[in-house]
Each structure stands twice: as C-alpha cells, then as structure tokens.
Amino acid sequence: MAILSNDHEAELLSRIQQGDNAAFATLFRQHYRELVITANRFVKNTAEAEDIVQELFYSIWKHRGNLPDHINSVAGYLHRSTRNRALNYLRDQQRIPSSDGDLPLHMVAEGLPSDGLDQQELQQRLHQAIDRLPERCRLVFTMSKIEEMSHQEIADALGISPKTIENQMTKAYRFLREWLAIFLWMLLTIQGTP
Amino acid sequence: METPHNKQIDELAANYGRDIHPDVERALSTVQQRIKEGDVRKSGIRRRWLQVAAVGILVVLTGYWGLRNNGAEVIVASAEETLVPVTLPDGTEVILQQGATLAYDQEYNQTARSVSLSGQAFFRVHKDKQRPFTVHNQDAQLLVTGTAFNLRVSAEIMEVEVSEGNVVLSRDAERVLVGKHQRGTSEPGAALQLVEAPALNRHAWRTGVLRFAGETVGEALDILNDNFGIKASASDTCSFPVSGLFTADNPEAILESIALLGGGELVASEVSPNTFILEGFCD
Chain P
1 MAILSNDHEA
11 ELLSRIQQGD
21 NAAFATLFRQ
31 HYRELVITAN
41 RFVKNTAEAE
51 DIVQELFYSI
61 WKHRGNLPDH
71 INSVAGYLHR
81 STRNRALNYL
91 RDQQRIPSSD
101 GDLPLHMVAE
111 GLPSDGLDQQ
121 ELQQRLHQAI
131 DRLPERCRLV
141 FTMSKIEEMS
151 HQEIADALGI
161 SPKTIENQMT
171 KAYRFLREWL
181 AIFLWMLLTI
191 QGTP
Chain V
195 METPHNKQID
205 ELAANYGRDI
215 HPDVERALST
225 VQQRIKEGDV
235 RKSGIRRRWL
245 QVAAVGILVV
255 LTGYWGLRNN
265 GAEVIVASAE
275 ETLVPVTLPD
285 GTEVILQQGA
295 TLAYDQEYNQ
305 TARSVSLSGQ
315 AFFRVHKDKQ
325 RPFTVHNQDA
335 QLLVTGTAFN
345 LRVSAEIMEV
355 EVSEGNVVLS
365 RDAERVLVGK
375 HQRGTSEPGA
385 ALQLVEAPAL
395 NRHAWRTGVL
405 RFAGETVGEA
415 LDILNDNFGI
425 KASASDTCSF
435 PVSGLFTADN
445 PEAILESIAL
455 LGGGELVASE
465 VSPNTFILEG
475 FCD
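Note that the protein sequences, when read in sequence, are chains P and V.
Position 100 of the first sequence, counted from 1, bears residue number 100 in this note's numbering, the numbering being contiguous throughout.
Positions in the second sequence are counted from 1; adding 194 to them yields this note's numbering.
These aren't lab readings, by the way, just hints derived from the structure by calculation.
Glycine is no exception: its CB is placed at the ideal position from the N, C-alpha and C atoms.
Check the hints yourself; a few may be wrong.
As the list claims (entries may be wrong) - Quick look at which bits of chain P chain V covers, simulated, 3 or more residues with Cβ under 8 Å:
| id | region |
| --- | --- |
| 1 | 7–18 |
| 2 | 21–33 |
| 3 | 135–149 |
| 4 | 157–163 |
| 5 | 174–180 |
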C-alpha cells in the first residue's frame, strides 16, 4: 500500500469526523499492521495486540466528533495512542514486573546456525535472544531502542527511576553481546575456522 | 554505551517484532461489524479479562473468549458460533469448530509451540523450523513444521487430514508421515492408520464441500457425524455406493440427498436433537 502524505491523512481524519466510512477503512488499512506490531512488542501476544488496535480504531470512530482538529502527524498520533493503550493494558493486567528478574543461566541455542548464515538468520536469532530477556529488561530495551522513547518517558511509563533504566540497558546489552559472541563462535566452529 | 558491538546489536534489533502479518481485512470487518452493532458486545480486550467461569455460563456467550486458567491461555468456541477464527501469538491461524477447546500456555512461541485440542479445528501453521508445532492428546502427538490440516481430537482419538505439507503422527514408538491429501488416525487398540483422502472430506464442516466417490452408506454417515457432530445411522444392513458433490453446509440436507439416492427416507428423532435415521432403502 502506498504511503499517504500527512496532508492526505489529515484529510482522511476530517472525513472520518463527518462520518465517512470509506475514509475510516482507508486509514485502518494504511496503519493496522504497523500498529499491531507496536502493540505486540509490548504485550507479546498477537491476539491481544490486535484487540488493542481494533479497540483504538473503534474508539476513533465512536468519538470521531472529538478528534483533534489539527494533528502534526497522524501516524505519530496513532502510534503514541497504541503505545499508551498497550502500556495501560499491561498495567491493568499487572504484567509490568516490579523486579529486575534474572537473566537466563544457560545460553540455550535453539538449533545450530546454518552453514549459509545470513543477516536475516542472525537477526532472527537476536530477536529470539531479546525475547529471553527478563520481562522488565525486555520492555526497557524495546522501549528505548525499538520504540525510541526517552529514558524519562520510559521511567514515567514503567514507574521506575532513570538510574534503573540505565542498569537494565547495561544488563540487556551485556546479555545480547554474550549471546552474539557465543553464536558467532558456534558458527566458526561449524565452518571449521580455527 | 555505544560500543561497536552495541551498535551491531542495535542494527540487528531494529526489526524486532516485525514478523507478524495480521489479517487486515478480517480485522476491519470485525471493527465494522462492531460499529454496526453499536457495541452491544463487550470488546475483545475486556473479554480476555474474564476469569474462568462455569461451563454453563461459557456456553451462552458468542464469539471466542480468552481465559486464564492455571497459567494457560484457553480459547473456547462457544456453542453458538459454528466457526471461530483464532490467531495464535506466532501467526498460526486456527478455525475452531463449534464446541472445540484449544489451549496453550504462556511459554508458547518461546522455544516451541505446543497446544492441546479437544474437538475439531483447522490449522494453518506458521512456518518456523526453529520452533516445532505440536498438538497432543493423552496418547498421541502430532508434529508439524508448517502446513495446513484438519484435526479432530478427543481423549483417545487423534485424526489428521492434511491439505498442504506434511505432519508426523506419533504414538509411543509408532510414527507415520501424513502427507498432502492423506489422513492419519490414532485410535486405541489399533496401529496408526494412514489412508488416502483426495476429497478432504474431513474439512467439510469448514468448507461446506463434501465429495463422495463410492463410499458405503456407513462410511458416508461416519464422515457426516464427525464433521457436523450429529448422530446419523442407517436402520438397514444393506448398503449402496454414495457418490456426488454435496455443497450444502446443512448436514440434514445432505442426509436427505443420500436417503433419496438409495430410495429411502430420512427420519429425524423427535427425542434427541441432531439424531437421524436413514431407512427404507433396502426395500
């Protein structure tokens, strides 16, 4: 689907305010997958992520008369709304850990690297390693590096201090660096490189 | 913080979480339906917050309900919805038949993907060689790496009919590879069975298409009973070959056609719902 300009999307919102179903469907189709990806990074459950995003769009329609008259970036607005809703959901479900949690004791390699290891497989393996981080650590890493939130925003969202965020990031990088080192060592061993 | 290794990690992490592909059109239909109904039903998220309740209460609810039960995520297809689509956390798509129960735990999609099923469902499993997909009952296990199949499971029986790819049906030391257009069955007291299933009749509850090519009346009735959860039997001991393409999604209509084929008639039980007898075709 071609990316719509912000002016075009602002016009879509304006038409949605007037009750235009077709404009609503266009906006939905344009943004749904990206927003589900965002929500899923927080809740780690695609069905829940889809519910969150569908609830957002339902709410946009239901309260279309109250949509802001001017939005700098429609995509940004939807993205922030999704993020907030996902965090609210985690809070309501009491799924924001209050403690650091322990890093996995063992580096479990789920299968050996293939001979023709490419960037895509390396990336996939790293993503699996991120999934293995303790949940609070994973959330902090994801919010900082993937969602590009500031440390203050993360601190406010998770109810922790900026110092804790720094500690969590240090922990995450240390684990992921060690994982990467072990994985690349396994690859070199398989290839027979001394 | 910005060491070369950290930079490499940042680059590799950039696409984290992007490997999901929701069905956008289906989602849009769901939202539009909800808008049309004016939010008579509760939202999907609030449904998921419900705790485990008595089965009697579950039965009257529409749609599917995610419940938390001893740490497992349980999805139950209500008695009112005949086809309930579900997407698992890894993108695997499942269509649950009325009354089926699917369960998976919070570790799903971490290192493996394990579900348990009671009832009947169609699966389109997301391909992931790193995380094998397994379905189990008390005796047998199905191992899948990415394929589409119909599965019928009770405590003792596991029957799989494959429409794409391959699955491995196993029970203790026995193993059978079930390929495309084949059906594998695990039943107590018998070795694992493998038969050809070119018509994919086990999928009929979902597709609404049944192809018979000379099956006996008994075989045809078994297929209908398993597909639609009805109890149909023949009062006569003789049989005749049943052939034809039946596209009705109404099992009673198909039974009437079969009865007519044999010159007999269909009698519905006045006492038990969904119970039928074919009679008079041996005369």
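So, going through the hints one by one against the coordinates:
Residue count for the region 7–18 of chain P with a Cβ under 8 Å from a Cβ of chain V: 0. That is fewer than the three needed, and the coverage hint is violated. Given a C-beta distance limit of less than 8 Å, the hint that chain V covers the region 21–33 of chain P holds, as 6 residues qualify and 3 suffice. Chain V is given as covering the region 135–149 of chain P, and this holds because 4 residues of the stretch bring a CB closer than 8 Å to a CB of that chain, at least three being needed. A stretch counts as covered by a chain when three or more of its residues have a beta carbon under 8 Å from one of that chain; for the region 157–163 of chain P and chain V the count is 0, and the coverage is violated.
A stretch counts as covered by a chain when three or more of its residues have a beta carbon under 8 Å from one of that chain; for the region 174–180 of chain P and chain V the count is 3, and the coverage holds.
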